[in-house]
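K.L.:
Protein chains in written order, with my numbering: chain W, 46 to 204; chain L, 47 to 193.
Bear in mind the hints are in silico, worked out from the structure with no lab data behind them.
This structure is a prediction, so every number in the text was calculated from the model and none was measured.
Note that beta-carbon positions come from the ideal geometry of N, C-alpha and C, so glycine has one too.
A couple of the hints might just be wrong.
Each computed EDC-like pair below joins lysine to aspartate or glutamate, with the alpha-carbon atoms no more than 20 Å apart [claimed, not checked]:
| hint | chain 1 | residue 1 | chain 2 | residue 2 |
| --- | --- | --- | --- | --- |
| 1 | L | K139 | W | E139 |
| 2 | W | K112 | L | E73 |
| 3 | W | K175 | L | E134 |
Derived Cβ-Cβ restraints for the label pairs, each shown as a range [claimed, not checked]:
| hint | chain 1 | residue 1 | chain 2 | residue 2 | range |
| --- | --- | --- | --- | --- | --- |
| 4 | W | T66 | L | G79 | 13 to 23 Å |
| 5 | W | M95 | L | V180 | 25 to 35 Å |
| 6 | W | R59 | L | P66 | 33 to 43 Å |
| 7 | W | A90 | L | P187 | 18 to 28 Å |
| 8 | W | D53 | L | A158 | 32 to 42 Å |
| 9 | L | V154 | W | R200 | 33 to 43 Å |
One-sided and incomplete, this derived list gives chain W residues near chain L with beta-carbon spacing under 7 Å [unchecked claim]:
| hint | residue |
| --- | --- |
| 10 | D80 |
| 11 | G97 |
| 12 | V134 |
| 13 | F138 |
| 14 | M141 |
| 15 | K142 |
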Amino acid sequence: MNPQYWEDVEIGTRRELGDYTFIEAEIIAFARKYDPQAFHIDPIAAKESMFGGIVASGWHTAAIWMKLAIAGRQRDRESGNTGPMRSGVSPGFEDMKWLKPVRPGMTLTYSSQVTGKTELRSRPALGLVKTLNEARDESGELVMSFIGKGFIQRRPKES
Amino acid sequence: MSDLLHFEDFPVGRKFACGPYEVTKEEIFEFAGAFDPQPHHLDEEAAKKSMLGGLSASGWHVCAMTMRMFADGIILKTANRGGAGAREACWMKPVRPGDVLRLEVEVVDAKASQSKHIGFVTFDCRVFNQREQVALVSMTPIVARRA
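Generate the whole structure from the sequences, applying the supplied hints.
P.N.:
Now the structure itself:
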């Protein structure tokens, strides 16, 4: 059984979130809407760019992390292994790093590891959990990483 | 001579105004359905009972909309060598359907590289809604070519 409350979350716990293969049409569709730089949306101009071809927006690579994290929570719920009682709310993130270009056809493997826990004086019903989140390519090289922050419910006090 | 902005155009203290970006319910649903399918982004009734007290955009969607304003306002006008991430981002207020966002950025750091061809510029980014509340703050570095 996964931890139910902030108190049960253990620093060091690592979750594999699964794989995702980026296809060119999705890379271009995301970037046309949100990050229309030539090397994200125009295969011909991208060839002339420093990347030598189309690459995914870093925000696309990050959004896929969220997609896989939510899918993981859904799997937990369906299997009765409910996991932490998350609020689903996050105050933000730190140290978003896009280390290698993400090209069409690449498959990234995502993970999330608990690195810290903080009590919240202003919100006694919640605790903060920090995670180190990563995406690696087929050869295991780090492509993206960031420190995530999430609010998780604390165990209710016995009355 | 190109009309593009270069490293030298980003002295510390220079400010830029970007946007606006109108947030629609349809786009909130579309983004959340694709990347962040949680009830407070997809289901108006469930969202009312959530911690955010109503339907709100995914924080990643807010980052993406901010990127669009940043791209249109600065990046696409700059001799840009690509971004490498964001040092920090804080989601301060929920972004709701009907919100009109704008982005204010200020150069807080500018360092020439030893390579002489590029420089590193860091922007303090603040996204405001139409109620003048700050919805997102972030620290975003870019690499710009030198003139």
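K.L.:
For every hint, state whether the structure bears it out.
P.N.:
So, going through the hints one by one against the coordinates:
1. L:K139 - W:E139: Distance ~17 Å between L:K139 and W:E139 Cα, so the pair holds.
2. W:K112 - L:E73: 16 Å, holds
3. W:K175 - L:E134: 14 Å, holds
4. W:T66 - L:G79: 13 to 23 Å: Since the Cβ atoms of W:T66 and L:G79 sit about 19 Å apart, the hinted range of 13 to 23 Å holds.
5. W:M95 - L:V180: 25 to 35 Å: 34 Å, holds
6. W:R59 - L:P66: 33 to 43 Å: 41 Å, holds
7. W:A90 - L:P187: 18 to 28 Å: At 24 Å between Cβs, range holds.
8. W:D53 - L:A158: 32 to 42 Å: 50 Å, violated
9. L:V154 - W:R200: 33 to 43 Å: 41 Å, holds
10. D80: 5 Å, holds
11. G97: With a closest approach of 12 Å, the W:G97 hint is violated.
12. V134: The hint holds - W:V134 has a Cβ within 7 Å of chain L, the shortest such distance being about 5 Å.
13. F138: 6 Å, holds
14. M141: Status holds, d = 4 Å.
15. K142: 4 Å, holds
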